[in-house]
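Asks: The listed protein sequences correspond, in order, to chains A and B.
Start counting the first sequence at 701; every next residue gets the next number (this note's numbering).
Start counting the second sequence at 701; every next residue gets the next number (this note's numbering).
Hints listed in this document are in silico derivations from the structure and should not be mistaken for laboratory results.
Heads up, a few of these hints could be off.
Which copy? The list can't say, so a pair holds if one copy fits it or any two copies do.
[Unchecked claim] List time: in silico BS3-like cross-link candidates among lysine-lysine, alpha-carbon distance up to 30 Å:
#1 Lys940 x Lys1014
#2 Lys840 x Lys1177
#3 Lys799 x Lys1180
#4 Lys902 x Lys799
Number of protein chains: 2
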Amino acid sequence: MAKTTRRQRSGGRAGNTRGSGSTIDQMPWRIPVNTDRPTEPLTEEGVQAIHGGAMRILEDIGIEILFDDALAIFKEMGCRIDGTNVRIDRDTVMELVAKAPSEFTITPRNPDRKIAIGGKHMVFVNVSSPPNYWDMETGKVPGTREHCANLLKLTQYFNCIHVAGGYPVEPVDVHASVRHLDVLFDKLTLTDKVPHAYSLGKERVEDVMEMVRIAGGLSHEEFEATPRMYTNINSTSPLKHDHLMLDGYMRCVRRGQVTVVTPFTLAGAMAPVTMAGAVAQSLAEGLIAIVLAQYIRPGAPCGIGTFTSNVDMKTGAPAFGTPEYMRATQMTGQMARFYGLPMRSSGVCAANVPDGQAMWETSNSLWAAVQSQSHMVYHAAGWLEGGLIASPEKFIMDCEVLQQIQRYFEPMITATTPDDIALDAIKDVGNDGHFFGIQHTQDRYEHAFYQPFLSDWRNYEGWDLAGGYWTAERANKMFKNIINEFETPAMDVSIREELAEFVTRRKAEGGAPTDF
Amino acid sequence: MAKTTRRQRSGGRAGNTRGSGSTIDQMPWRIPVNTDRPTEPLTEEGVQAIHGGAMRILEDIGIEILFDDALAIFKEMGCRIDGTNVRIDRDTVMELVAKAPSEFTITPRNPDRKIAIGGKHMVFVNVSSPPNYWDMETGKVPGTREHCANLLKLTQYFNCIHVAGGYPVEPVDVHASVRHLDVLFDKLTLTDKVPHAYSLGKERVEDVMEMVRIAGGLSHEEFEATPRMYTNINSTSPLKHDHLMLDGYMRCVRRGQVTVVTPFTLAGAMAPVTMAGAVAQSLAEGLIAIVLAQYIRPGAPCGIGTFTSNVDMKTGAPAFGTPEYMRATQMTGQMARFYGLPMRSSGVCAANVPDGQAMWETSNSLWAAVQSQSHMVYHAAGWLEGGLIASPEKFIMDCEVLQQIQRYFEPMITATTPDDIALDAIKDVGNDGHFFGIQHTQDRYEHAFYQPFLSDWRNYEGWDLAGGYWTAERANKMFKNIINEFETPAMDVSIREELAEFVTRRKAEGGAPTDF
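Next comes chain A alone, as it looks inside the complex (with noise of 0.2 Å):
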C-alpha cells in the first residue's frame, strides 16, 4: 500500500472501516472465530480408515495429470507415472503434506479486510460462478454484468461477506476471452475484499494477479511477499486434473498466493455411493494437487476443499444440503485436521427460488461448515438451483444467517460472570416484577441480543399491517435499496485509470484464448 498515501482517492468514505449505509444496521466486519468442538461422527479407526483408501488411491490406482509441466515435476518427485498417470507413494504424500502451513492470512488492497484462515477462523464468501440470475422481477434469466456488479455491490455492503469470490454470476453478455478484464476490473473497484481469480490457463491467472497488484498499488515484490488473493481448483472427477486448472494453480502458487483444491465428488455419480468412499476419492485428488503446491514452494499456503454431496438416485440430479452432505463435510473436516490443513466448505441447496427449502437446505449446510470447523465457506451468500443461479434476495436472506451465526460465536452470551448469573437482579424482581426495566437490563439491552435487519419479529397483525411481505420479498426491496444507496470503496484516482489503461490493453491484445 505504499503509493497509496500519497494519492488522490475516489469515491467512499474516509477510512471505509464500514461497508454500510442506512439501509440496515448490520454487525461491524469482523472475522469470526468457531470456538466449538467440532462434530466428529468418525472414531480413530474411521479417520484411519479412509485416510487409508484415499493414500491407496494415491498408492495404486493413481491420478491422471493432463498437464505436462505438472507431469515433469511428479516426475522429478519420484513418483511413478504412466502416460498420464501418477502414483504416489505416502510416505512423499504426507512429507509433503506436512509442510503446508494450517494457518496464513490474506491481505487485499483495504488491509483493514485481511483475512485469516486456519486455526479456529471462519470466514464466508459470495456466490460463485452461476451462469443464470435470478430475482423476483426478472425470473430465471442468464446473467449479465450488471447482474455481476449488483452482487458484488452486495459482497462489498455486507461486512458478514469477508472476500469477493469469483464471478457472483457468470456474466454471458461479456465474451468469454476478456470477461475476466471486465469482472475483475469491476470487483477491483466495486469492492476491497480479497479477490479471486479463475484457474483457467496462464492469461487469466497472470491477468488478474496483475490486476490485484495494480490495485494494491503493489510492487512485483510486495504482490510476491505475502498472499494477496486466491484461486481454487476443482478437479475432474473421478480421478483426474486437467490442463488450464493445473496451470494456473502452479503460477498462483509460485508467485505465494492461496490456492485451494475443491474435488466436486458427487456420491452415485463421479464418485462411490458411499460417502466414506466419495470422501477418500476427493481426499485423494485434493492431496495430489497440494503435494504438487508443496513441492513447488515448500509451505506455500493452501487449503482443502470438500464438494461432496449425493445425488437424487431418482433422477441423477445433485441434491445439497442434505443429511449425507452435513456428515461427509463434517468427515472432511476430521480429515482436513488429521492432516493440518485448512479446510473450504459451502452453503448451499437445491431449491430453485428463496423459500423454505432453500433455508432449510442452507441452514443445514451452513450449520455444517461451523460443525466441521470449516475455515472458508463458499457460496455463504446468493447460491440457488445447485450452483445454477445466483439470486440478491438469497444473498441478502443468507446474510442474515450468517450473522446470526457470527453472532452464535460471540463469548459473551455464554458467559458466567457474577453479572451473568444476575443473582441480585433476580433478587431484585423477586417474583412479581419484570426486568425490562430495572438497571441490569437497561445496563445491557442494546448489545444483549442479535438485533436482525432482515427478520421480521412484529406480530403478525404489525406484519401484516405493513404490507404482509413474506422474507424473499422484504429481501427484494432490501436489495434495491442498498444498489441505491451504494458507495464505492475508495481507491485512489491513478490507480482505478492504470486499471482501466490495463484493461484496455490486454482487451487490444484479445485477452485470454477461448478454445478450452
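Using the hints, position chain B against chain A.
Replies: Using the frame of chain A, we list chain B on its own:
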C-alpha cells in the same frame, strides 16, 4: 392392552404399523438415536457457576408456591416456608433430584408407538397450544375443532412425529369447560401416539387420565404400572408456580405418569437479560417442581424443559431460534446432564408465515435441540408467530426437516468398512467413467441417500413446468391430500363407545371449572 384382542376393531389398517398412505413416501416409524457429541459452550467452571446460581435462588430467594397441598409437602420436607415463599437447601435439592430416572418409556394405546425418553433418544412432538390457525386459504383465524382434528391427523400421519402433545391448536369454538373432553376424544381416536394432558386443575387431568386409561383398554392398576401419557407444566416466571398447574402436575406424579416442567424465561422480560442468568433462573424454577415430584414419588419419571429465549429489545416482542436461544438450549443441555435429567426443548420461530425466515429460525432451534442432546422436542412441527399460530403447511415443512435429522443420525452414512471406502469401485471406474451404473452403486442406491417428500430437487425448468410452486404452496397441496386419504388408526368399537360415553357423561356434569 389385555382386552383389545377380543374386541371388534374399527378403522385403520390391520396392525396399524404404518402411518402413511400413498401421498408421500415417508420414513418408517423409529425413535431417533442422537449419537453426536453435544455442543458444550460452558466450561466446568461455567456449569458450576450456573448450578451455584440456581442453588442460591432456591436457598436464598425462594420460589412462590401458590398451592397449599404443595406447600404442605415442602414443609414436611423441611424447607423454609414464609407465606407462600419456599426456600430449600441445595443438599435436599440434589438428594431428591438424584432419585429421578435418567431414562424411561411411555407406552400409548398402540404399544408399537412406545417411546423412550432419555439417554441418546430423541422424540419429536407436534405444535401445541396456539390459539390461532393459519393456512394459505384461511389466513390467520381463531382455531376450531376441525383445525385441531386436521392437525391431529398430521400428527398421526407423519412417522417422524412421535408424540401427540397438547392441542395442536386451541379449538376456541369449543367451550373451555369441555374442550379437553372433545379434543382428547379426537386425539385418542385419530392418533395412537403418546398423549398429553394439560395440567389446568384437578378435573382436566383426572378426565384425561381416565380417557387415556379407557383408550388403552387398561385397568386402573395397569394404567398406573407404567407411564402411558405425560403432562407439561410451566412456571409463572419469575419464581412462581401456580395452583392449577401444580395440582394437575401432582396428580400425574401420584399416578405414575410422566411430568415435564418448563419455565418460560424470556431473557430481558421474565428473566435476566443475560443468558446464564436466565438459564439459572429457569433451572431453579424447574428443579423445585422436580424435587416435589421426587418427594411425592421417588423415581417418578420426569424431565426438565427449557424455554429460554430473548426478546426484541426494541419492541419487547419475543424472538425465537436466535443465536441466544441456541446457546441457552445448549447450556441447559449441559446442566440437564449435570443433574442427570432428561431434557425437553422446542422447534420455534418468530416468523408469521412459512417462509424463509420461518425455516432458518426453525432450523436453528432444531439443530440446537440436536446439539444440546434434547430428548423431547416440543412444537417440532407446525409452529409460527412465536407460538400464536399453528399451520399445516409449516407442519409438513418441519416434518421434512425432522426426517432429515433422523436420517442424519443413521450410522450408515458415516460407516467406514472396506465396502464403504469402495476402493474396488473407485478402481473399476477409474478416471473416465461414471459410478451411476456400476454394481457397487446398484446394490446400494435405494437406501444410500435421504429421499425427500416435499423438497423439490428438479432443475428450475422442470420445477417451473410443474407449476413453479414455492415450498409452502407444495405443502398446502400435500396437506389436502393427506387429510383426504387419512385413515383412522384401529380402535375397538367398544372402547370408542366407552370413550364417547365418558365424554357425554362428563359434559352433562359440566366439565371442568373455567374460573381461572
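Asks: Could you place Lys940 and Lys1014 in one of the four classes (within, between, both, neither) given a Cα distance threshold of 30 Å?
Replies: Within. Shortest intra-copy distance 27 Å satisfies the 30 Å Cα cut-off; inter-copy 55 Å does not.
Asks: Can you give me the call for Lys840 and Lys1177, within, between, both or neither, at a CA distance of at most 30 Å?
Replies: Both: 18 Å inside a chain and 25 Å across chains, each within 30 Å.
Asks: Within a copy, between copies, both or neither: which one fits Lys902 and Lys799 at a CA-CA cutoff of 30 Å?
Replies: For Lys902 and Lys799, the Cα distance is within 30 Å only inside one copy (26 Å; across copies 72 Å).
Asks: For Lys799 and Lys1180, with the copy left unspecified, which applies at a CA distance of at most 30 Å: within, between, both, or neither?
Replies: neither (47 Å within a copy, 60 Å between copies)
Hint violations for this structure: number 3 only, all remaining hints satisfied.
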